[in-house]
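Engineer: If you read the sequences in order, they're chains A, G and B.
Under the numbering used here, the first residue of the first sequence carries the number 1, and numbering increases by one thereafter.
Under the numbering used here, the first residue of the second sequence carries the number 1, and numbering increases by one thereafter.
Under the numbering used here, the first residue of the third sequence carries the number 1, and numbering increases by one thereafter.
Just so you know, these hints were derived from the structure itself, not from any lab.
Note that CB positions come from ideal geometry on N, CA and C, so glycine has one too.
One should not assume that every hint holds.
[As the list claims (entries may be wrong)] Listed below are the simulated EDC-like cross-link pairs for lysine to aspartate or glutamate, each with C-alpha atoms no more than 20 Å apart in a straight line: (1) G:Lys121 x B:Asp32; (2) B:Lys472 x B:Asp55; (3) B:Lys170 x B:Asp253; (4) B:Lys495 x B:Glu206; (5) B:Lys495 x B:Asp55; (6) G:Lys120 x B:Asp32.
[As the list claims (entries may be wrong)] Examples of chain B residues toward chain A, derived with CB under 10 Å: (7) Gly113; (8) Phe188; (9) Thr218.
[Claimed, not checked] Sample of chain G residues with no beta-carbon within 12 Å of chain A, all distances over it, derived: (10) Phe13; (11) Gln34; (12) Lys38; (13) Met65; (14) Ala106.
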Amino acid sequence: MEGLGIQLAFYSFAAVTIGSALLATMAKKIVNSAFALMATFFGVAGIYGVLGSDFMAVTQIVVYVGGILILLCFGMLLTDRVPDEFRVRSPRRYVGASIAATLTFVGLAWAISGTAWARLPHITDGSAEALPTTALIGNALLTDYLLPFEFASIVLLVVLVGAARVARGGTR
Amino acid sequence: MNDYLPVLFMALFGVLFATAALGVSALLGQRGRQNRVKNTPYECGMPIESHAHARFSVKFYIVAMLFILFDVEVVFMYPWAVSFGNSDFARDAFPGTGLLLAEAAAFVVVLFLGWVYVVKKGVLEWHQEA
Amino acid sequence: MNLTLLLPEIIVIVGGLAVMLRDLWLPADRKDGLWAWALAVPLIALAATFLPQLDVAARISVDGAMIVNPEATALSGSFYLDGMSMLLKRAFCVAAALVILMSREYLSELNRGQGEFWSLALFALSGMFFCASANDFMSLFVALEVVTVSFFVLVAFKRSSGTSIEAGLKLLVMGSLSAALMLYGIAFVYGASGTVFFDQVVVNGEVTRTGLRDLLATGQLVYSTELLIGVMLIFLGLGFKTSAVPLHVWVPDVYQGAPTPVTAYLSVGSKLAGFVLMLRVLEVFSRSGPMVDSLTPFLALVAAVTLFYGNLGALPQSNIKRLLGYSSIGQCGYILLGIASAWTVGISGTLFYMTAYVVTNLAAFAVVILVSRATNSHEIDDYSGLGRKNPLLAAALTVALLSLAGVPPFIGFFGKFMLIGSTFGSDELRWLGLVGMVNVVIALYYYLCVIKRIYMREERHPAKSVVPLRLKVVLAISMAALVIGGIAPQFLADKTAEIAEELQFAPRPRGGEHR
């Protein structure tokens, strides 16, 4: 990735994502945690944008922020008595978790940086432009990825039936 | 990349505007006196009986959940619509317009049947017979 | 397009939709008719798998090399019908039919929700079908998710029971974690190779879309660390479905908390779906010698730990569903043992064992359902005196448990024999064979404890349980199958050997070369 602008954009979105993810895990009030999660979703959408994936960025905002986060907020509202604070009781948990996370990060970073990643030809010879991806995704969904596309409708249907069953259970 | 600059500016502007609105009103406005009694919820002037955090009905959650499901369906429809309207792709021997339509129809029909299920089961009924 | 290959899947999906819709228009007191519809669907699908149109050679020889036959694929190569997927689809049909048969009693208690139960079970079946035929990572993931999500709901189906909902929640948390792990692994593989497809597409002699099998075979995709990490993560994600060790923690609680027919379905259908995907992924990556060398110790270690965990964990159990849960972790260990030693014998042993496991486990769970209907309990203590009270149930459970343990006249013995024998084929995996044998002994103890209680102890509950005729027939047939399969396993063994040949796994190093 060249260009100072792109690098700047990437690092700032990455900082937003990681920072708000940390906030979301460590926040004391659940509401703060949920809004930090929203910031994380925005950050991820920004990273998709930086990668040139415009459709995914918009989808991320529409589905995640506009849907799942709302669901999360309703979930919080549904609980009877929200404890205003919940703390991690022992700081020892932070220590263990930090060690595990650092080891994972170091291992993955070493593996990722030491690899010859596959480069699609139009990127290596520099002829890539930031094209609108919606048409490309559409073409791919309807030819190469037809089976996942159609079967995804069954996934959605199963979730629909399941949600109706688990979340209500009326007399019918 | 330059196509995205307007988006970024718009987002920044939105954030700036909201912050400015709140910030200016906090700075320039009068600071209200806060004491414990004043901060309790209003119940016609009587001492409060119930906790402010009233419990929501699960119907809101179900509506939001169903919204997401159909939202995802719409998200799948966008790229299909762009491909379908793209004359080069649609007129090829494979897949061809009819097949494209059939593929989308299969997707939509399955979810339509899911919607029929939701309606018939009364999942979205707001008013429950007591 | 070649959609005729998808006939069983289409039947199951249409069947599931039909059951779901029919339920909407039936009055509340006449829902029992749905059961017959639901039972018919897997049986029709099973019949459809025997159609001649679906009998296509999975591999053909082109220029001296065996490649995937394009006639056996559909939907741009995302769907692959080979011997393994046919065998597993038939096994899934049998499993679904037996589960639906068994759950008839159970559902008359829940007079609402029948439609959802049957349709979700059928959608799970369709997901399992697509798992058996997945030919690229995207289809693999979507099919796996259909199975997983259906089970989230089925496990939590008994809304009045706290343990059922808790079990559903545990399954949900672990299922989401493992899906995330698997996707991360797929991302790594994609990053290393540039494709998620297993097969390439050649148009007019020119490769228009690359595929993993071909990239690995021609050496264009070089073995690297992150390819290994990707594959390991995918195996971990699939390990959740198959209850392999790092991700097995949900099994005892979910098996205990879920309604028993769902536990039976989970223990057979979901597990085998995970295994068939493992076999498929392993088959794709077995074309890379260094990958095979690196993966084998990893798989062997997982198999060994899973075996010990499952069998040792079952020893102190007093609840039969938990015991069967730990036992199924142990069974997963045996199957992983076969996968780790993926010689031809290892794979054919694995397939044999998986098929035999379907009938065995379902027979055991059928007895559990019937006994719990009579005694309202799942404690092993309440099985005392079953031998006197109801000899058919006692005999069926005994045969099933002995077959799971691997005792000689039953089919389980032959399966274990093939699996453990295959590990002795390679020097470095001999220790795994010993581990397997030690675990057979450990497992024998707890299976025999249950059998002893059935026959030796005095009965606690004087009430005699009524067994419906259809279940008597089913139990009798499954006992016969277990016995006949054990005495004359040749039919199934030959079939699985033929499938294993077709799958073309690279042979394990004994100093030898890789194909």
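Engineer: Determine for every hint whether it applies to the structure shown.
Structural biologist: Status of each hint after checking the structure:
Between lysine 121 (chain G) and aspartate 32 (chain B) the alpha-carbon distance is near 18 Å, which keeps this suggested pair within the 20 Å criterion. At most 20 Å may separate the alpha-carbon atoms for a hinted pair to count; lysine 472 (chain B) and aspartate 55 (chain B) exceed this at roughly 34 Å. This hinted pair checks out: lysine 170 (chain B) and aspartate 253 (chain B) have alpha carbons roughly 8 Å apart, not beyond 20 Å. This hinted pair does not check out: lysine 495 (chain B) and glutamate 206 (chain B) have alpha carbons roughly 36 Å apart, beyond 20 Å.
Only pairs whose Cα atoms come within 20 Å are accepted, and lysine 495 (chain B) paired with aspartate 55 (chain B) is accepted, the gap being roughly 14 Å. Between lysine 120 (chain G) and aspartate 32 (chain B), the direct Cα distance comes to roughly 19 Å. Compliance with the 20 Å bound is thereby established for this hinted pair. A cut of 10 Å between beta carbons decides the hint on glycine 113 (chain B): the least distance to chain A is about 6 Å, and the hint holds. Annotation: phenylalanine 188 (chain B) was flagged as interfacial toward chain A, and the flag holds, the nearest CB pair being 8 Å apart, inside 10 Å.
Hint status for threonine 218 (chain B): violated, given a least beta-carbon distance of 15 Å to chain A, over 10 Å. Once the 12 Å rule is applied to beta carbons, phenylalanine 13 (chain G) is consistent with being away from chain A; the minimum gap is 15 Å. Its beta-carbon lying about 18 Å from the closest one in chain A, glutamine 34 (chain G) satisfies the requirement of being farther than 12 Å from that chain. At roughly 19 Å, the least C-beta separation between lysine 38 (chain G) and chain A is larger than 12 Å, which holds for a residue marked as non-interface.
Listed as a non-interface residue, methionine 65 (chain G) fails to keep its Cβ farther than 12 Å from every Cβ of chain A; the least gap is roughly 5 Å. Residue-level check failed: alanine 106 (chain G) sits 6 Å from the nearest beta carbon of chain A, not beyond 12 Å.
This entry does not satisfy hints 2, 4, 9, 13 and 14, going by the numbered hints stated previously.
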